[in-house]
Amino acid sequence: MTEKARRTERTEAELDSRIARLPRAVEPGRDLWPDIEARLDTAAPDGDARRVTRYARRGAAAAAVCAVALLPLLLREAPVADGPVSMATVPEPRATGLDTAGQQLRLRNAAVTSVEPGPEYRAARAEVLALLEGRLAELAPEDREIVLRNIETIRRALEEIDGALQDNPDDPLLQELMLQAYQRELDVMARVNGLAGPARRRTDL
Amino acid sequence: MNPKTLTLLLLAALPLAAHADRDYERTVATEGAKEVRVSNTAGSVEVKGSDRNDIRISGVLEDEVEEVLVEREGSAIDIRVKVDDARRNYKRAAAELRLEIPAAMSLSVVGTSADIAAQGVRGEQRLKSVSGDVDTEVWSEPLNAETVSGDIRVLGHDEAGRARLAAVSGDLNVESLAGELEAESVSGDVILRDSVLSRGRFSTTSGDVVAAVGLASGGSFEAESVSGDVELDIAGEPDAEIDASSFSGSIDNCFGPKPRRESRYAPGSELRFTAGEGRGEIRLQTLSGDIELCTR
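Chains as they are written, first to last, in the working numbering: chain L, 1 to 205; chain A, 1 to 296.
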């Protein structure tokens, strides 16, 4: 064993020992329940809100299951390259065409909803996005702005749907709209990639 | 005129000479080709279907357009506006192209900021531009038109065909189309008039869908939007299963039962009923957009 490996082992052992010494639970200094109960009563004097919360929890679980089950349908039409793609393998874009770091962050953030898209969706999106960032650089600034603004529109729509879905997690309309919105985002990115390529050198459509 | 004045005049005229547009004209034999493919970065492409057997190309080229390449590739004829790569600045690289082609040939046009207009082309069409508008008419052959910010206008001739239109912010305007139509835009509106569809599918994110259509027997019409309104005017007596739902928008219908609230906790409403014998299907969905359903 090298000296470096021995040092690492010692550090890990020390960390394990410190973790083991941590208390399993931390008791609050006072009873917190009366305050919580009072707030719950204020929020739901007739008990409706508590029922909604209970339904919401069950519904959220159902929505998550539905979303996970339906995502392969969504991905079927997504322009994914052959073979598995992981987030780690997505190359950094060459010329991004994005004017601000905020735009980059906003676009690169795959999930804007509490129902997380699956890893395959994220990988597909990352791949389409990497190409898009390069393509945007080839567009005129006003066209680039239009594309970004419209992707923002879709993302705001996703947030709006998500907000509604959190209050009504078992609503099939909302679940469907969310999937369609995620799909539309991919479609738009793929369309821009197709249109904004080197059209002047392309004759095969 | 003294030499000094003459020199000044010549110098003043130099920029004009440097930006001289030039005319272009050429006739190409089709020799059994079935498709014309045009690529033009900026300017316009106007295509007219005619009864001639050859392809006539004419137009005006700006000075940074190097040449118009015409090549045969399999059963297609490629017409490509070549821009001087070394001097390209996109400001003087436009070509205004006019083509007359045999009406039955298929047509593909791709541009970046070029407007595309086709008239009298009866073959299959694929028309794509980033910021240019697309304006065409169709008969029974398929049409696929895509833009980012350009508007798309399609005039049909009531012959059953298949069209797929997609824009990002552009509006989609369709008139007198028959058969199958799929149209989607993010923020652009989808407007459909005087058409009879066997299958229609429309989707937007914030754009409105406004459709005045007849539904073929057993046909389907689906429209969905997140925040855009959906307005459907059905020609004649509707004969379909109707399913309209909005999460927080209103539903207003002038036939059938009144919509009902979906949930006591949510503001939205839904409307489900059978009109006529229910042979077709009409499905309208929004998140916050309003839905209007009527007959005319």
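Hints listed in this document are in silico derivations from the structure and should not be mistaken for laboratory results. Treat the hints with care, as some may be off.
Output of the computed footprint for chain A on chain L, the stretches with three or more beta carbons under 8 Å from beta carbons of chain A [said to hold, decoys possible]:
1) 123-136
2) 140-149
3) 155-168
4) 190-196
For clarity, every value in this text was computed on a predicted model and none was experimentally measured. No residue lacks a Cβ here, since even glycine has one placed at the ideal position from N, Cα and C.
Ascending list of hint numbers which this structure does not respect: 1
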